[in-house]
Amino acid sequence: DAGITQSPRYKITETGRQVTLMCHQTWSHSYMFWYRQDLGHGLRLIYYSAAADITDKGEVPDGYVVSRSKTENFPLTLESATRSQTSVYFCASSEGGSNQPQHFGDGTRLSIL
Amino acid sequence: DAKTTQPTSMDCAEGRAANLPCNHSTISGNEYVYWYRQIHSQGPQYIIHGLKNNETNEMASLIITEDRKSSTLILPHATLRDTAVYYCIVRSQSRNQFYFGTGTSLTVIP
Numbered sequence: 103d104a105g106i107t108q109s110p111r112y113k114i115t116e117t118g119r120q121v122t123l124m125c126h127q128t129w130s131h132s133y134m135f136w137y138r139q140d141l142g143h144g145l146r147l148i149y150y151s152a153a154a155d156i157t158d159k160g161e162v163p164d165g166y167v168v169s170r171s172k173t174e175n176f177p178l179t180l181e182s183a184t185r186s187q188t189s190v191y192f193c194a195s196s197e198g199g200s201n202q203p204q205h206f207g208d209g210t211r212l213s214i215l
Numbered sequence: 006d007a008k009t010t011q012p013t014s015m016d017c018a019e020g021r022a023a024n025l026p027c028n029h030s031t032i033s034g035n036e037y038v039y040w041y042r043q044i045h046s047q048g049p050q051y052i053i054h055g056l057k058n059n060e061t062n063e064m065a066s067l068i069i070t071e072d073r074k075s076s077t078l079i080l081p082h083a084t085l086r087d088t089a090v091y092y093c094i095v096r097s098q099s100r101n102q103f104y105f106g107t108g109t110s111l112t113v114i115p
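Chains as they are written, first to last, in the numbering used here: chain A, 103 to 215; chain B, 6 to 115.
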């Protein structure tokens with residue numbers, strides 16, 4: 103049972119470049135989420151998706167784009183990376199219903215130079 | 006979502022029970038209490054959650070006070086691998102986001 107996997111685990115890029123972080127889950131969960139984790143801020147929600155082709159903004163969506171053409175995949179794109187987007191990014195998924203726990207991947211550590 | 010208050014850090018001897026407290030005095034009737042932990046450089050790991058009743062699973066027990074204003078996560082026999090940051094989260098049924106605070110850094114001592 104692979105669960106939820108993120109790739110790459112580590113990424114270094116330059117400001118202005120486009121970068122895409124991948125997230126794949128094998129549970130057929132309807133909900134998927136992207137968070138970023140920074141010192142002093144804890145985890146903050148960027149975007150989430152309730153189902154294929156349905157996405158919505160979270161707490162800090164600016165500078166990010168998401169898509170969900172298939173239930174199992176939820177890529178996060180930084181269209182023009184900035185240094186302030188240096189962070190650790192976590193993807194999560196859950197079954198429908200707000201009383202269901204979210205299950206997290208191991209994260210992508212992104213550094214923007 | 007109700008705010009939670011946890012101690013910044015705690016120590017526990019290996020093999021003993023670890024009792025991690027959480028205050029959530031402004032919790033509403035439809036808000037669940039969730040516990041997660043995060044081991045360094047890994048993603049948050051779900052432990053347990055509950056609404057009113059005490060809950061137990063293979064990892065831990067969750068004790069919620071009758072007035073629901075506080076709860077305690079119990080790891081019955083702590084091991085070195087339980088060293089992590091533990092987050093207590095209160096989540097309403099209408100919210101998709103989990104608000105992670107600063108949590109409690111638990112160190113299990115040999």
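Just so you know, these hints were derived from the structure itself, not from any lab. Do not rely on the hints blindly, as some may be mistaken.
From chain A, some residues computed to sit far from chain B (all C-beta separations above 10 Å) [what the hints assert, rightly or not]:
(1) Q120
(2) L145
(3) E181
(4) N201
Among the chain B residues that face chain A by a calculated CB cut under 10 Å, a handful are [what the hints assert, rightly or not]:
(5) C17
(6) T31
(7) Y39
(8) Y41
(9) L56
(10) N58
(11) I79
(12) Y92
(13) F103
(14) F105
We put the beta carbon where it would ideally sit given N, CA and C, even for glycine.
Okay, the hints, checked on the actual structure:
Every CB of chain B lies more than 10 Å from the CB of A:Q120, the least distance being 24 Å, so the non-interface label holds. Listed as a non-interface residue, A:L145 fails to keep its Cβ farther than 10 Å from every Cβ of chain B; the least gap is roughly 4 Å. With a least CB separation of 23 Å from chain B, A:E181 remains clear of the 10 Å interface cut-off, as annotated. Non-interface status of A:N201 relative to chain B is broken: a Cβ of that chain comes within 10 Å, the nearest being about 6 Å off.
Here the hint on B:C17 is broken, as its CB sits about 23 Å from the closest CB of chain A, past 10 Å. Taking 10 Å as the C-beta contact cut-off toward chain A, the hint placing B:T31 at the interface is violated, the least distance being around 18 Å. Taking 10 Å as the C-beta contact cut-off toward chain A, the hint placing B:Y39 at the interface holds, the least distance being around 7 Å. For B:Y41, the interface hint holds, the least distance from its beta-carbon to any beta-carbon of chain A being 8 Å, beneath 10 Å.
The beta carbon of B:L56 is positioned within 10 Å of a beta carbon in chain A (closest approach about 8 Å), and the interface hint is therefore held. Given the 10 Å rule on beta carbons, the hint for B:N58 is violated: about 13 Å separates it from the nearest Cβ of chain A. Using the Cβ-Cβ criterion of 10 Å, the hint placing B:I79 at the interface with chain A is not satisfied: the shortest such distance is roughly 18 Å. With 10 Å as the threshold, the beta carbon of B:Y92 comes within range of chain A, its nearest partner Cβ sitting at about 8 Å, so the hint holds.
The beta carbon of B:F103 comes within 6 Å of a beta carbon in chain A, closer than 10 Å, and the hint placing it at the interface holds. Look at B:F105: its Cβ gets to within about 4 Å of chain A, closer than 10 Å, so that hint holds up.
Hints 2, 4, 5, 6, 10 and 11, counting from the list given before, are not met by this structure.
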